[in-house]
Amino acid sequence: MHGVVNWAVHFFMLDEGPLIWLSDFLIICASLGILAVLTKFRLWKWLWDEWLTTVDHKKIGIMYMIAAILMLFRGGTDGLLMRAQLAWPNMHFLNADHYDQIFTTHGTIMILFMAMPAIIGFFNVAVPLQIGCRDVAFPYLNAISFWLFFFAALLFNLSFVVGGSPDGGWTSYPPYVENQFDPGPGENYYLVALSITGIGTIATGINFLVTILRMRAPGMTFMRLPMFTWSVFVTSVIILFAFPVLAVALALLLIDRDFGSHFFTVDGGGAPMQYVNLFWFWGHPEVYIVILPAFGIFSEVISTFSHKRIFGYSAMVVSMVAIAILSFITWVHHFFTMGAGPGVNSFFGVSTMAIAIPTGVKVFNWLFTMHKGRIEFKTAMLWAIGFIPNFLIGGLTGVMLAVPPADYQYHNSYFLIAHFHYVLIGGTVFGVFAGLYYWWPKMFGVLLNEKLGRWHFWTFMIGFNVCFFPQFFLGFMGMTRRMYTYPAGYGWGVVNLISTIGAFLMGVGFIILVYNILWSARYGERDVTGDPWDGRTLEWATTSPAPHYNFAIIPTVKGRDAWWLMKQNGESINGPKGVPFRPIHMPNNSGRPFIMSLFFFILGAGFVFQWWILAIIGFVGVLVCMAQRSFEYDDSHYIPVEEIEKTEAAAGRL
Amino acid sequence: MKPKGRRVGGLIALIGFTVLALTGCDSPKYWPVLSPQGPVARSEYYLIIYSFILMLLVVLAVFILFFWVIIKYRARPDNADYVPPEIEGNAKLETLWTVIPILVVIALAIPTVAVTYKLVYPPKVEAATAKVVGKSITIDVISEQWKWVFKYPAQNIETVNYVNIPAGVPVDFELTSSGPMNTFWVPALGGMEFTMPHMNLKLWLEADHPGSYLGRSAQYSGRGFANMTFTVNALSPTDFENWVKSVQQTAPKLTQQAAAQINKPGLIGKLTFSSTTPE
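Protein chains in written order, with the numbering used here: chain Y, 1 to 654; chain X, 1 to 279.
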């Protein structure tokens, strides 16, 4: 009995102190609260029918966004805990073990469970509408992608209170993360959760690649695609080449840990550096996977709020393709300091600098899109405008980092930390915020409040600069990343304190965003036109939110900025009057993606704790779900004409 | 609406940084990267400054264009009926801002490649110094969890968590690890290099003159990583020779127990031994 209690105390980490107890308490309260609300308002059936089983890209997009905002909260809390610990020399707020786990979950969550779902959420929200189709090419697969991500994120977050979080950094370099130095389930959580969400991401890449190749409305040629759709197309290609490499790296490391092989161990002929190569062969393209769609969003937003078409469309497309190609030949710049020869380091240094060229072209084209425009400073546009100078600092310090001999001094220092936060926050996070304010009415039929939006922008943007600009100096002062504490006497204390103040200001900005969302849900201005910004692309041609089938009649596209052209020519989205509606073929909802992903979760938990019976149960469950799907013949339905007429009449489009 | 305030702050910081960097801010303790104390660090420092100035020019150019555009073309009540022209692009302008970045990259790439190759070879050494201790010395570095072991193969001595080197002489640090990866970083003397198990990486460093410099690991390797620091003492060549002799004569031999203690994960202080293989 005593043994069981001891085991349970350790397993649920009740011996780890008040942070864990508080988390346990909050998790239990939140879960009970959700259950109570669902039961009290009889929402279980609604939840299942409308959300858990949906294959509608618009709803899946919304679920991605909600998950991303929750994960931004989790990753942001991790960041604030770290900044609190580093606020002053020799602090004892967190001990080394806790700090190590928190910086690992911060990085992993922000990249894979915040940035990824946020941008994939926008894929879902915007792409089918922008190219004038009714759903993605594989709606059922789309649901699987989402639920795999969801359960992987759940599994990863569970590690905080069950068994312990990974502590090898988000890069997870062996041999440190091998069993010899890092026993326990923590690292397994990392490997398993990333593998599961990686499967979903690869499926998303295939899905959107095929959607954009095959589902464009008539007349929507490639050189008429909206900029965001172009960015998604390029990103999908990068995903397809990059994510399988990550899957292999994670799988090999998991086999090392679970089955005692020696791919990356110290002994037995292991080659740890091989993991580093594999990881960054995915890792570098990954940063373009999260930045290119943000570029796409900025292009849409800047063009819309300057009331001008994008400047140099072809150059924008070419530079995105160039960035995509270059992104695969720069990975060694993450480890110039691993002893590659001068030839290798020179090549990868120069190839990295070369990325500045297409990126520079994009920046100037954005500036000249605004030039001679009439710039409306709506909140979405504020984020896009704020992006340019902040991303510029991030990008140009990136060029400084690309100089190998200089990188020998910057590597793993706070200069690097400052750099990548400038590109990832100044680029991706600003892009996500711009996208949220821009497409929020399309997602929910409600505009976010502009005044609160401005507060959100200014607090977050100023906080961000106060937080990360001083970190460039910390790098020159010799402070390295992942130090849980530092001694007094080197002048690091004050600089860190300033940085911490900035971080908390960003936290305030986030709270304002959440308040804005809640406030607008209740009091926000309803978007009755479907086109609140005088938009240019097809998503603004339909109701906010769009009807289930998106377009009653698939529009015919006559040029770039298709909806803008239609408005100029006084055309309706449904074409000439009097064209009769026809029944619309749509996919059926299915609960199986949810259930199958639940089995993936069980399978994953089995691998985390090496409980093989659990793993087998999960694996069999996954197989059964796949088999069932193979024998499912009745997986679609038709929306009858009367229903379409009713919906279109209500939207005033008859 | 004008995002001026924050930019001014950023600009002041940028200028402050430039002044700081250009004046050398001569404390290797507070600004080790920006106050190089040896030829390797100095080559890297010059590249840092050069790349910084190039990037600063780009920043200034873009910022001026940026603020001019967003101020001049902002929506105002008096231009409410202004309809922006639909401009497809401009081949001349677009060529211009493709070519200029290419030139900037070339301007940066040439010295980058030159220095990258240069750092593979040892820095030059003066003849007078070379007479005392030779043209260079070799020190094997092993990162343990979480300490630094330095073996002097020619002198047959070993130190832990500190290393004495002769000033003015290139030091060939041969880096390896007994377990997790670390990086060996002495910012005042030069950039870092990884230590990895079963691999030997070479790092040339040299100190101009006698002095004490802080080194640390920059690659996270577990619980004790933050404390994984060491001291580099650069001594005059004659002092160095004397130190070696006194260690050889007075320091204890490396024992099996001591070696096991060093190999066990944990933190220990500075140690000195007069042999490099445990007996």
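Just to be clear, a hint being listed does not mean it is correct.
[What the hints assert, rightly or not] Computed Cβ-Cβ distance ranges for the label pairs, DEER-style: (1) Leu654(Y) / Ala80(X): 28 to 38 Å; (2) Ala521(Y) / Ile53(X): 48 to 58 Å; (3) Leu93(X) / Gly343(Y): 32 to 42 Å; (4) Lys451(Y) / Ala80(X): 19 to 29 Å; (5) Gly134(X) / His92(Y): 44 to 54 Å; (6) Gly134(X) / Gly343(Y): 37 to 47 Å; (7) Ile501(Y) / Ser236(X): 41 to 51 Å; (8) Ala251(Y) / Ile268(X): 36 to 46 Å; (9) Gly184(Y) / Gln249(X): 20 to 30 Å.
Just so you know, the hints here were simulated from the structure itself, not pulled from any lab data.
Even glycine gets a Cβ: it sits at the ideal position worked out from N, Cα and C.
Here is how each hint holds up against the structure:
1. Roughly 33 Å separates the CB atoms of leucine 654(Y) and alanine 80(X), a value that falls within the hinted 28 to 38 Å.
2. For alanine 521(Y) and isoleucine 53(X), the hinted distance range of 48 to 58 Å is satisfied, since their beta carbons lie about 50 Å from each other.
3. Judged by the Cβ atoms, the range 32 to 42 Å given for leucine 93(X) and glycine 343(Y) holds: they are separated by roughly 37 Å.
4. About 21 Å separates the C-beta atoms of lysine 451(Y) and alanine 80(X), a value consistent with the hinted range of 19 to 29 Å.
5. Between glycine 134(X) and histidine 92(Y) the beta carbon distance is about 48 Å. The supplied range of 44 to 54 Å therefore holds.
6. For glycine 134(X) and glycine 343(Y), the hinted distance range of 37 to 47 Å is not satisfied, since their beta carbons lie about 29 Å from each other.
7. Between isoleucine 501(Y) and serine 236(X) the C-beta distance comes to about 46 Å, which sits within the given range of 41 to 51 Å.
8. In this structure, alanine 251(Y) and isoleucine 268(X) meet the distance hint of 36 to 46 Å, their C-beta atoms being roughly 38 Å apart.
9. A beta carbon spacing of about 47 Å between glycine 184(Y) and glutamine 249(X) contradicts the range 20 to 30 Å that was offered as a hint.
Hints 6, 9 from the earlier list are contradicted by this structure; the remaining hints agree with it.
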